[in-house]
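Undergrad: Here are the chains, one letter per residue:
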Amino acid sequence: MSAREAVAREEPGDPEGPGEPGRYVPSARRIARERFHRTRARRATAIAAVSSLVTAVVLYFVITRSPGWPRTRDTFFSAHYAREALPKVLDGLWLNVRLLVICGACVLALGLLLAVARTLRGPVFFPLRALATAYTDFFRGLPLIICLLLVVFGVPALRLQGVTSNPVLLGGAALTLTYSAYVAEVFRAGIESVHPSQRAAARSLGLSAGRTLRYVVLPQAVRRVVPPLLNDLVSLQKDTGLVSIAGAVDAVYAAQIITGKSFNYTPYVVAGLIFVALTIPMTRFTDWITARTDRRRAQGGIV
Amino acid sequence: MTEPEPVRTAEPDRAGASDRTSASHRTGTSDRTSTSGRTSTSDRTSTSDRTDGEAGRTSETSEPVLRLEAVRKSFGRSVVLRDVDLEVPSHTVTALIGASGSGKSTLLRCANLLEEIDDGAIFLDGEEITDPRVDPDAVRRRIGVVFQAYNLFPHMTVEQNITLAPRRVHGVSREAARERARELLERLGLADKAGEYPDRLSGGQQQRVAIVRALAARPRLLLLDEITAALDPELVGEVLGVVRDLKEDGMTMVLATHEMGFAREVADQVCFLDGGVVLERGTPQEIFGAPRQERTRRFLRRIVAAGRL
Ligand SMILES: Nc1ncnc2c1ncn2[C@@H]1O[C@H](COP(=O)(O)OP(=O)(O)O)[C@@H](O)[C@H]1O
Ligand SMILES: [Mg+2]
Numbered sequence: 139m140s141a142r143e144a145v146a147r148e149e150p151g152d153p154e155g156p157g158e159p160g161r162y163v164p165s166a167r168r169i170a171r172e173r174f175h176r177t178r179a180r181r182a183t184a185i186a187a188v189s190s191l192v193t194a195v196v197l198y199f200v201i202t203r204s205p206g207w208p209r210t211r212d213t214f215f216s217a218h219y220a221r222e223a224l225p226k227v228l229d230g231l232w233l234n235v236r237l238l239v240i241c242g243a244c245v246l247a248l249g250l251l252l253a254v255a256r257t258l259r260g261p262v263f264f265p266l267r268a269l270a271t272a273y274t275d276f277f278r279g280l281p282l283i284i285c286l287l288l289v290v291f292g293v294p295a296l297r298l299q300g301v302t303s304n305p306v307l308l309g310g311a312a313l314t315l316t317y318s319a320y321v322a323e324v325f326r327a328g329i330e331s332v333h334p335s336q337r338a339a340a341r342s343l344g345l346s347a348g349r350t351l352r353y354v355v356l357p358q359a360v361r362r363v364v365p366p367l368l369n370d371l372v373s374l375q376k377d378t379g380l381v382s383i384a385g386a387v388d389a390v391y392a393a394q395i396i397t398g399k400s401f402n403y404t405p406y407v408v409a410g411l412i413f414v415a416l417t418i419p420m421t422r423f424t425d426w427i428t429a430r431t432d433r434r435r436a437q438g439g440i441v
Numbered sequence: 002m003t004e005p006e007p008v009r010t011a012e013p014d015r016a017g018a019s020d021r022t023s024a025s026h027r028t029g030t031s032d033r034t035s036t037s038g039r040t041s042t043s044d045r046t047s048t049s050d051r052t053d054g055e056a057g058r059t060s061e062t063s064e065p066v067l068r069l070e071a072v073r074k075s076f077g078r079s080v081v082l083r084d085v086d087l088e089v090p091s092h093t094v095t096a097l098i099g100a101s102g103s104g105k106s107t108l109l110r111c112a113n114l115l116e117e118i119d120d121g122a123i124f125l126d127g128e129e130i131t132d133p134r135v136d137p138d139a140v141r142r143r144i145g146v147v148f149q150a151y152n153l154f155p156h157m158t159v160e161q162n163i164t165l166a167p168r169r170v171h172g173v174s175r176e177a178a179r180e181r182a183r184e185l186l187e188r189l190g191l192a193d194k195a196g197e198y199p200d201r202l203s204g205g206q207q208q209r210v211a212i213v214r215a216l217a218a219r220p221r222l223l224l225l226d227e228i229t230a231a232l233d234p235e236l237v238g239e240v241l242g243v244v245r246d247l248k249e250d251g252m253t254m255v256l257a258t259h260e261m262g263f264a265r266e267v268a269d270q271v272c273f274l275d276g277g278v279v280l281e282r283g284t285p286q287e288i289f290g291a292p293r294q295e296r297t298r299r300f301l302r303r304i305v306a307a308g309r310l
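Listed in order, the protein sequences are those of chains G and D.
Residue 139 is where the first sequence starts when you use this note's numbering, and the numbers rise one by one after that.
Residue 2 is where the second sequence starts when you use this note's numbering, and the numbers rise one by one after that.
Bear in mind the hints are in silico, worked out from the structure with no lab data behind them.
Check the hints yourself; a few may be wrong.
What the hints assert, rightly or not - Computed spacing ranges between beta-carbons, pair by pair:
hint, chain 1, residue 1, chain 2, residue 2, range
1, G, Pro261, D, Asp200, 56 to 64 angstroms
2, G, Gly348, D, Arg134, 17 to 25 angstroms
3, D, Asp200, G, Lys376, 48 to 56 angstroms
4, G, Gly348, D, Glu128, 23 to 31 angstroms
5, G, Leu266, D, Arg245, 25 to 33 angstroms
6, D, Asp200, G, Arg352, 18 to 26 angstroms
7, D, Ser203, G, Ala268, 43 to 51 angstroms
8, D, Ser79, G, Leu266, 33 to 41 angstroms
9, G, Asp275, D, Arg134, 34 to 42 angstroms
All values derive from a computational prediction rather than experimental measurement.
For glycine and all other residues, C-beta sits at the position ideal for the given N, C-alpha and C.
Looking at chain D on its own, in the form it has when it is part of the complex (with noise of 0.2 angstroms):
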């Protein structure tokens, strides 16, 4: 499926990062000015979606995509999550596990900003975006989310789903839009459902119409909530195979999930959480070969016992 065209010249991710110079990945929009400019000539031909984050892999700046210091949030009286530390370095996958309940989709909705947070810090890119005077939209804009339930836009087909950010919010003209809607489709195993409503998908479609979505506009990160959640076990399949090729993109990704099988083999760090609080962090070998915590065992042994790992 992403198998690259003959166009393309040279395999961009590894031998690219080292011209493309990590200066660029500093700030979310210096980046992305960068991708615009080139977008007529290698845009167009790559099939892999890799344009954003290319610079610095190799780079050791270090500075992680995605950080979280100290952060709490409460709902009333209840806190959901309790001095929550997270780093996200470029080009990784985080894997966020943990009971429902315990506080996964809170830490993706504070990180994209649809929540507040009450107290800590979060950087995306070393810039703070939980100070006040930063705009949420743009900071949004950097960030592309799936969620559990699709969240598609009933009243337009895929492709207007797809190009509406990139027209109303990047200033895409609508051809290129298209054209770059279509690329993904493409890639996604979804040529067909261009002009289709979403009511008209399977589950497993429109959530991979939704991953889409969530890229059209080459987000600098990608949080993913429970996605294959709400789909039929057949249809897991498929979603989790897109995720697995964005990571071979090398797109940073962190996602709440339930599939402990598939976070052990895509994920460079896992975290679990429980209650609110980062009780175990670590290689996917040192979460799931040898928890420290009793609860993390325990909360392990459930997953076992329900077949899911």
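The following block holds chain G by itself, in its conformation from the complex (with noise of 0.2 angstroms):
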């Protein structure tokens, strides 16, 4: 026992030796090497920057000497415009973004819910699994425009005591169903991409099937769909512009209403631009995210 703790306690030292530090000298071999490495960086660089130039110019002399240009110039890129719908379109915006919020929470809850409900075996969750199966099915192949349609004139129509008929929250769960749908078939395509053999190792063990579920399979199975998920979340993010239609007056409702008195198109731009900046980030996120994934993946697999 003694001897194997002091093995331990060597073990971790430095190769080169505490007494003689920055000794290794780099050989010619490897000075040359990299010296061509940051050439060929340098150079890359440099025809990367040269080709965006000309692209860009280009693109630019074919949109400006194409005929429409001027009126096109001023319907929709006026300065003028965008400065009167900018405050307001932000003002809107903020309600996309508790909309995104609140239905993203609420999204990745329920798709769990219904993935977790497709996987249960037994004959005692029969019904469950279709009710399940069905939702899914029903709602990825409806269209969310329709299905904002029918829920947010659909639902007050009905007159159902103590149910809302505000447009948001109508709007809101609208988006949840369709995006549950989606999300549940994520989550599920986690789950089954979970090996059987560590099911069976789990049970072996003498976890209930339950347990085993929530120790062993899930937390696999999230971690594997969180580059798609946050895909579906960049995807809900843009969708929320969508309850305009039932009149909640977010980003897209308040350049509609500019453009409704102006004929000036320009506050779509701004808001659409807006849209853009914001799933910019959430989209660099997820490409992070995913080259992590890959990452650790890669270093499991050398065993």
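From these two lone chains plus the hints, build me the complex, please.
TA: Structure (structure tokens):
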């Protein structure tokens, strides 16, 4: 025992020894190799810059020389209307952000429940399984816009006691209905991607089916589907703009109000660009997570 | 590695067998209760793992830990196990040998109720576990399994892998489960790996962690399915060394293996499976020294030719 401890204490030692730091001198070969890498990197940057510039110039001339450009510029890219629209659109955007956060949370929770319901085995769960399957089939196929129209205008028409007719809430509910169907399928794919041997290992330890799902299958499944999930959330983020058709004053509706008065489409362009700007961080985050997941998997692949 | 520490008063194996009466091993549950009852004292200090099975090494009640009776198992139309009989007495090691596809893994999976058998019966400590009214989870809690492909949980650290079942199934407190994990890891030379994720370990280390995980809940019986088959040759030794130590400690084991030299060394009983039938069974001397069946002889010749004996 003491022998092993001694070994363990020695193991994480500095390979060069503590007494002689910085003795390693890079060889001429290494220096030459690194110089070559630097030169090549510089050249690649230069080529990319020139090629981007050329593309931009060509695009600029093609667009500005087109016969309809002066009118298009005034209708879609008017600085005056952009200035007028920006604060109002930003005001409306706050609603989109809130919708994203709340619907996003509901979608993830409902999607996970549906996915789990679909993987349950045993005859007792048959109705649950069938319901979950029917739900995902239906709402995945139903166009979002139709789902929105039906919920937003159909539900209030029923005049049910105690049911809201608030367009924001109903719009959010419609988004949740459709997106949870998508997300459920993503989760289910994740659950099914966990190798059966993991389940066998958990069951052989005496874990029940439920505990196996909770401690072994779901954690691995969720980790695997984070990139596609974020993708769906990016998609949800921009689709929050659709609640404007119900009359909720979000960024799109704010733009629409100005456009309706002025017949100038600049506010739409402003709103569109803001949505793009909002999704870019999310998209980059998704890319980063995906890359990290791939790296981790690659490391695991050595064994 | 298994050197007893000074704290331990007496060699519990052979000496202690008499005072812990053989009654306790008849049912796995009561055995376990007696075990947990004295956890705080001797278990903590004991470097060995033989806490469960102690009773009965010398007892002659001779109820085998595992007994298979005319077990039949088929997948679709292919019959994989045919009238298999097997008895695994307490504190013995049974080696299952046979060509790939002869049904070794299936037999072990049936014994752990990971597969449902078509006919026959399987008994654990005299209790029929293939009775449909038996709770399979309760049975699996009493059996440890180590797979060829380790099957560690990649999203958990080594320690979390090991403490999962004790904490979530056996209701052991977090501290106690941790202590047990550390103690076993220490014993298998993995003390510094508790916080690592499995993908950072070598194959041999992963397999030893899998063994620790199977041992953590103090199983009555350990099933080992070709646990060295996925390992590089130089890593095989470290894993077989662990099995050897477990045998020293009196653990009851059934192992499917292609390491004939090892089977010869540790097994008390060797079973040659061929096409789902136990073609020959006996002591290692009988099977390896004087096989009665022509097919056994042919199999062993092939193994010798492959340099595995
Ligand atoms: N889940 C399964 N479905 C169908 N056939 C299987 C299954 N598992 C094993 N088998 C078949 O059973 C036979 C025995 O397999 P196995 O027990 O894995 O053999 P061994 O472990 O001795 O190599 C093989 O022919 C294999 O193809
Ligand atoms: Mg096998």
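Undergrad: Indicate, hint by hint, whether the structure satisfies it.
TA: Against the structure, the hints come out as follows:
1. Pro261(G) with Asp200(D): 56 to 64 angstroms: 39 angstroms, violated
2. Gly348(G) with Arg134(D): 17 to 25 angstroms: 20 angstroms, holds
3. Asp200(D) with Lys376(G): 48 to 56 angstroms: 37 angstroms, violated
4. Gly348(G) with Glu128(D): 23 to 31 angstroms: 25 angstroms, holds
5. Leu266(G) with Arg245(D): 25 to 33 angstroms: 50 angstroms, violated
6. Asp200(D) with Arg352(G): 18 to 26 angstroms: With a Cβ separation near 22 angstroms, Asp200(D) and Arg352(G) satisfy 18 to 26 angstroms, so the hint holds.
7. Ser203(D) with Ala268(G): 43 to 51 angstroms: 47 angstroms, holds
8. Ser79(D) with Leu266(G): 33 to 41 angstroms: 35 angstroms, holds
9. Asp275(G) with Arg134(D): 34 to 42 angstroms: 38 angstroms, holds
Consistency with the previously given hints fails for numbers 1, 3 and 5, ordered from lowest to highest.
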